[in-house]
Amino acid sequence: MRVIPRQASKAAQHHNGFTKMNRLEDDIVIRLEGVSKRYGDKEVLHAVDLDVRRGEFLTLLGPSGCGKTTTLKMIAGFETPTTGRIVLDGVDVSETPPYKRHLNTVFQQYALFPHMSVYDNVAFGPRTTGVSRPQVHERVVATLAMVNMSDFAPKKPGQLSGGQQQRVALARALVNNPSALLLDEPLSALDVKLRRQMQFELKRIQTEVQTTFIFVTHDQDEALTMSTRIAVMNEGRIDMLGAPEEIYKRPNTPFVAGFIGSANLIPARVSGQGAGEVRLELEGGGGGAAASPAGLPLGARVLLMLRPEQISLTAEAGSACSGGSFSARLASVDFQGSIFRYALRRDDGREVVVTLLPQYQLTGVAPGDQLTVRWDSAHSWVVSTD
Amino acid sequence: MATLSRPLPAAVSLPTRLVDFLGRHVITFVALLSLVYLLAPIGMMIALSLNQTNGKFDFTWHGFSTAAWANPFAVDGLLPALKLSAVLAGTVTVIATPIGTAMAYALVRYKFRGQTLLDLVLLLTISTPEVILGSAMLDMFLNLRAPMGPFTLILAHVMFDIAFVVIMVKSRLRGFDITLEHAAMDLGARGWRVFYKITLPLILPSIVTAGILAFMLSLDDFIVSMFVSGQTVTFPLFVWGEARVAMPPQIYVIGTSIFLILAALMTGSLLLDRSRGRAQVSPVKAES
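Going down the list, the protein sequences come from chains A and B. So the first sequence is numbered by the working numbering: it starts at 1 and just counts up by one. So the second sequence is numbered by the working numbering: it starts at 1 and just counts up by one.
Derived from the structure by calculation, the hints contain no laboratory data. Quick caveat, the model's predicted, so the values are computed rather than measured. Among the hints, a few may not be true.
Chain B stretches covered by chain A per the calculated footprint, using a threshold of three residues with CB under 8 Å from any CB of chain A [said to hold, decoys possible]:
no., region
1, 172-180
2, 194-208
Rough simulated footprint, nothing fancy, chain B against chain A, three-plus residues with beta-carbon under 8 Å [stated by the list, open to error]:
no., region
3, 94-101
4, 110-119
5, 123-134
Backbone N, C-alpha and C fix where the C-beta goes; we use that ideal spot for every residue, glycine too.
With the rest of the complex left out, here is chain B:
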């Protein structure tokens, strides 16, 4: 062991102390800077939702106003677009989450032919540029003479949402202790009961998180929707159309609301996960 007590120099110069301080806190500074960088657009959005507007395009600050918040749906076409997007995202989530969960379960629990291929396809779905996916789907739907609209939107959104759900649930299942399923089987439970009573409750937080993500991805989607929506106007498409002629603060109000709801949901899911985490059996050292 080296010396236990290090004698402090009698006097340390101010610059040295400053450098020392910076050196010790450099990570904190970098973290704070990245946080500011990430939050700046959101802050901008919130600020603009509270702007007092004069013209059609008002990107300058004219004073504080809650007028837009008081009448969030005062813009023509905004409410129907938002409703449509919400219903679309809800439908897509309800379809994609169970399918994605089942696929994740199959991929983790069973060995089957084409497993690697399936993994690859899922990855491709996520990594292929959306513009290409969108135009390819447009091409496909045109060839199939499918009527463009809600139906094609649902098909397209479910397709990319499944991939995200699978990847999220899979990572949770990988960390799932298989002996819990064995224990349930040992106690007389068959496949379905094991899943329903043991596996599902334990992976539920990740399914919920995946569901929220799926909902947001659908609500948020612009590129793919642009290709396959036909005459249907989703909220992102509405904003795009609107931005070319005017930019009412109501759009920022909706944006801010979505952000706040999402933040609340994420916090809730995090807290749920943490309270369950506390109930987890403390991992004991393996010995074999």
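Here chain A stands alone, though its shape is the one from the complex:
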């Protein structure tokens, strides 16, 4: 079992990293190779490949039933892959039981031991793995301090609030200094305000300990706020893997575009090609240039993705110079505090949503008016539908 000094040596290795030929290999903590999972007739995970980099905050994001929790359970060792391999620190652990994997989990409902004090909960791991008595104490104290729970050491979990239990669960896992920390929707039981606070707290702790976090959630805000990288999962596959900004700005499938943030997805046809962008003719009228992935053939059926906050709205006709436009009829305007939400209806009946900051709100328009929606090609994206 590895103990604390590992991270120090790891950091040193990073500095002279170029002298090592296998640096890249070394930077992978966990690798899934064609991992699938089948329950009876139902395949819930289809041959997933995934590299988890050392020290990153990787989020598995997706709706319920997408296979994210199953993936986490297989990494932890509570489930065995039907096919494929799971490699942890260069060793195949596909069949290794959980107690032999140098990983720790923060469970959704925390699973704190109700009959033990906070201190004993946190000390359970080190004691079990045979850490010496003074060392156990030192580590438990240090870890409780890190999560700001030092004053609660003698309390029982039942005497703590949800947020405090969450911190203890985190400490109990981190005290073992695992190769990676697995978090299974740990914030879902908290109320919105506390959840927000814990997101930043988790991020702070992750930055501090530099442990690899693998975080499972169905909440896209949570994923965008905390992650180094996000793996968007859908129906047992990873649809897209990338940095939050990349996923938000350049989704590769309609599912990713729709699941992360809100998006207007307008069916269109490619009518011209350029460098890093294409010309589009929108179904139902309008068109223009939009940023796109390479290799879209002329005539391809695609979706134009326009984020509600990145398009503008005017009462005048005409196109923006570096983008495109279409017209639509205003259906309703809602004030939502920090923004105005304009719902428009195109001639083919499709709804388009535009959000504007209050200082840009349109004056003198009423539901039923014909308006022009404009986009800048830099703030648009073409999503292929195949």
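The hints should help you fit chain B onto chain A, whose structure is shown.
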């Protein structure tokens, strides 16, 4: 919403108010009546233990006396019978409780062939009339030429006690959050350590309760013991034998004592369970 303030009628007649009162408290009355019904025999027993007796069969009240309480073992044969029953019940409890707990754990945690059959057999053990169980066992022991006595008593009592222990511990294990075991495994603990450190402490109250029940069932057993005891006289068998020739108040004294000890044990176990209950992690809403 309907009207918020309902105007009260100026005057409500007495009968109406009475009916109203009864209507609102009918459940309380029924509950009190059933409680009286349940406690009456026990009250009778306590009263008779304090009776001043004249003859051999004294079921009438002659006045208050603590004579029987002062000399609870004054009746010949009572003390040996009671000691024997206590030792028997203790032995049976020590054997049946761990076996029953292990069986309950296996039945809840693992899937195996014959699981349903085992569940059924356990249920049958409880639901088969004791007279039939007893005579069947007598038949079996006779055929096996087993010497009737303490040995056969232990075998017979362990048999029916196991079933009760399994059923009680099983219900507790069903409500046990398996992720606690997963968490312990995740933290590096293997099977035995997980059970010893996590599962056992958390199901201990139900094991203790099951143990008390097992002890009482054995101490109390008459029918099965009657068949398989041979020359051995347990406390219930002693009372039965005694009741045919005399009914000394000492028997009520012992009965009352057993009742009081049991009541104390049950209260204790309830309090223990409640204090642990308070320490339980407050259930948070599942989200999946």
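>> If you count the residues of the region 194-208 of chain B with a beta-carbon closer than 8 Å to a beta-carbon of chain A, do you get 3 or more?
In response: Result for this restraint: holds, n = 4.
> Mind checking, does the region 123-134 of chain A have 3 or more residues with a CB under 8 Å from chain B?
Replying inline: holds (count 4)
> For the region 110-119 of chain A, do three or more residues have a beta carbon lying closer than 8 Å to a beta carbon of chain B?
Replying inline: holds (count 6)
> Residue count check for the region 172-180 of chain B against chain A: does it reach three with CB-CB under 8 Å?
Replying inline: This one holds; 3 residues, not fewer than the three required, reach chain A with a Cβ under 8 Å.
> Okay, the region 94-101 of chain A and chain B, do three or more residues pass the C-beta test at under 8 Å?
Replying inline: holds (count 3)
Comparing the model with each numbered hint stated earlier shows that all of them hold.
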